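Just so you know, the protein sequences line up as chains H and R, in that order.
For the record, in the first sequence the residue sitting at position 239 is 241 according to the working numbering, with numbers rising by one throughout.
For the record, in the second sequence the residue sitting at position 44 is 46 according to the working numbering, with numbers rising by one throughout.
FYI, nobody ran anything at the bench for these hints, they're computed from the structure.
Keep in mind it's a predicted model, so treat the numbers as computed, not measured.
Misleading hints may appear alongside valid ones.
For identical chains, the list gives no copy identity; a pair is met inside one copy or between any two copies.
In silico BS3-like links for lysine-lysine, alpha-carbon gap of 30 Å or less [unchecked claim]:
#1 Lys-162 / Lys-200
#2 Lys-162 / Lys-184
#3 Lys-292 / Lys-29
#4 Lys-184 / Lys-292
#5 Lys-29 / Lys-18
#6 Lys-31 / Lys-292
#7 Lys-18 / Lys-184
#8 Lys-18 / Lys-162
#9 Lys-18 / Lys-31
Number of protein chains: 2
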Amino acid sequence: MTAQLIDGNAIAAQIKADVASRVVALKAKGTAPGLAAIIVGDNAASISYVSGKAADCAEVGIFSETFRLPETATHEDVVRLIERLNADDRFHAILPQLPMPRQVREQEVIDAMLARKDADGLHPVNLGRLLRGELDGAIPCTPHGVMELLRATGIDPAGKHVVVVGRSTLVGRPLAVLLSNKAAGANATVTICHTGTKDLGQFTREADIVVLAAGHVNTLTAAMCRPGVVVIDVGVNRVDAPTRPSGYRLVGDAAMDVREVASYVTPYTGGVGPMTRAMLLVNTVRAAEKLARGE
Amino acid sequence: MTAQLIDGNAIAAQIKADVASRVVALKAKGTAPGLAAIIVGDNAASISYVSGKAADCAEVGIFSETFRLPETATHEDVVRLIERLNADDRFHAILPQLPMPRQVREQEVIDAMLARKDADGLHPVNLGRLLRGELDGAIPCTPHGVMELLRATGIDPAGKHVVVVGRSTLVGRPLAVLLSNKAAGANATVTICHTGTKDLGQFTREADIVVLAAGHVNTLTAAMCRPGVVVIDVGVNRVDAPTRPSGYRLVGDAAMDVREVASYVTPYTGGVGPMTRAMLLVNTVRAAEKLARGE
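Build the full structure now, drawing on both the sequences and the hints.
This is the structure:
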């Protein structure tokens with residue numbers, strides 16, 4: 003068996019087309035959805051991510067602006083910028099790009115945002131609503147993207163056993179909550195595994211679906227899978243590639259041999275990544291729609 | 003093998019003694035911790051629960067007052083009372099006893115509380131912080147009580163497989179989050195099962211610890227357990243008992259035969275129940291301590 007690759011780019015394109023038409027509808031009613039991104043310092047990856055997000059916004063008609071503060075900005079500088087953007091009606095969503103320099107207390111920066119302007123769904127109010135099963139607010143982009151990837155691929159988690167590897171606030175924990183919801187496209191039995199799990203294979207071998215968000219290469223190998231498993235690979239890891247100009251290449255958490263036993267897998271690039279980016283646009287347009295409805 | 007019964011009353015008594023000494027320390031510094039309970043209508047169970055909670059407060063030196071509104075109170079009446087109690091410095095914690103009459107929107111009532119006065123840990127900010135792994139705020143009382151029950155019994159969930167049966171916001175979901183935390187007394191691999199789980203026994207037979215919060219009698223039987231399993235039974239169910247004056251008796255979610263195979267079980271009464279009540283006192287004194295520290 004050779005696994006079918008899930009085309010995250012194609013599914014993300016559908017979602018972006020839907021967002022674009024919602025943006026047109028909003029503009030017709032006088033609301034131009036806007037996203038404010040914040041970069042503190044000169045982290046090259048952050049600059050690259052944010053410029054990609056700005057390009058995505060442009061593609062679907064969302065206004066975006068990037069605010070840059072120097073590496074030496076104080077915590078208070080960042081909070082003041084957040085407060086200014088909270089009050090700026092041009093922006094329906096705010097994205098403080100992480101990581102920030104050491105002197106900035108990231109959680110407090112996130113908490114300083116209006117919950118309704120939280121583009122990444124990481125404000126405690128939004129995470130709390132998620133835990134209560136309320137799904138109409140901002141949902142963290144990667145887990146939300148994984149849910150949409152499954153839905154668009156026709157893989158219904160209901161009644162299935164899903165093993166989530168990784169317990170981060172960004173991915174593993176909210177995803178476990180989403181998958182276990184009593185809701186269409188969810189209703190799975192979910193096991194959360196992590197670095198404290200003694201024998202990961204014992205769990206993954208029982209899984210119908212494995213979601214990898216561990217951040218380690220070869221977290222899952224073919225020997226740890228049962229035939230026909232669905233593997234969603236959130237991991238992005240650098241491995242040495244001396245023949246490449248960059249000196250490295252990006253791989254996921256799954257070993258390549260997983261593709262010999264799985265029914266579906268996401269590729270290392272063009273899998274979950276574009277979905278995460280697309281869901282940021284969904285959160286932004288949703289925030290603008292809510293405001294336009296007077297919520 | 004006959005399971006050892008976990009004495010929730012004894013463990014709760016230790017926690018209450020600790021709370022009482024913290025109350026003494028607070029009063030010495032000029033803060034008298036206070037809890038405001040709200041009952042809307044004439045639900046007999048609510049009245050009985052709240053009077054029990056008031057007695058618990060008295061026992062540990064916490065000031066408490068119960069505010070009753072008639073069955074016909076409007077949603078706005080309840081929110082106005084919440085706002086009054088938010089502003090009342092005598093009360094460090096507010097407990098809106100659920101369920102409330104149909105015209106009252108319970109989630110909005112909870113959301114109207116100051117997060118720092120949320121006695122039950124159900125405000126979205128507190129649930130969100132829990133999902134972020136921040137454990138110094140108000141934590142929902144039953145899952146918090148289960149964690150303390152395990153700790154006090156010397157059962158370390160680290161590296162163990164815990165199956166949580168039930169996905170409520172009150173118990174199952176926050177407990178799964180707490181158990182999977184990278185923290186002392188946690189660090190378990192956690193499976194969340196529920197009514198959408200096809201073969202519950204397939205999961206519980208692999209568990210080192212089973213927590214039952216399903217609300218159905220005989221959710222777990224001996225045949226669904228591996229020998230030596232630890233069973234924490236949160237369930238409270240009425241079954242007919244014609245020979246009793248009340249006509250019913252209270253049983254948990256575990257069948258009696260579980261005691262023949264388990265190493266530890268909680269009894270139907272005096273197990274998790276007193277722990278839930280004790281953790282309400284912990285949340286109240288914690289809220290007062292935070293205020294006294296100027297947080």
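Unsatisfied constraints (hint numbers, rising)
none
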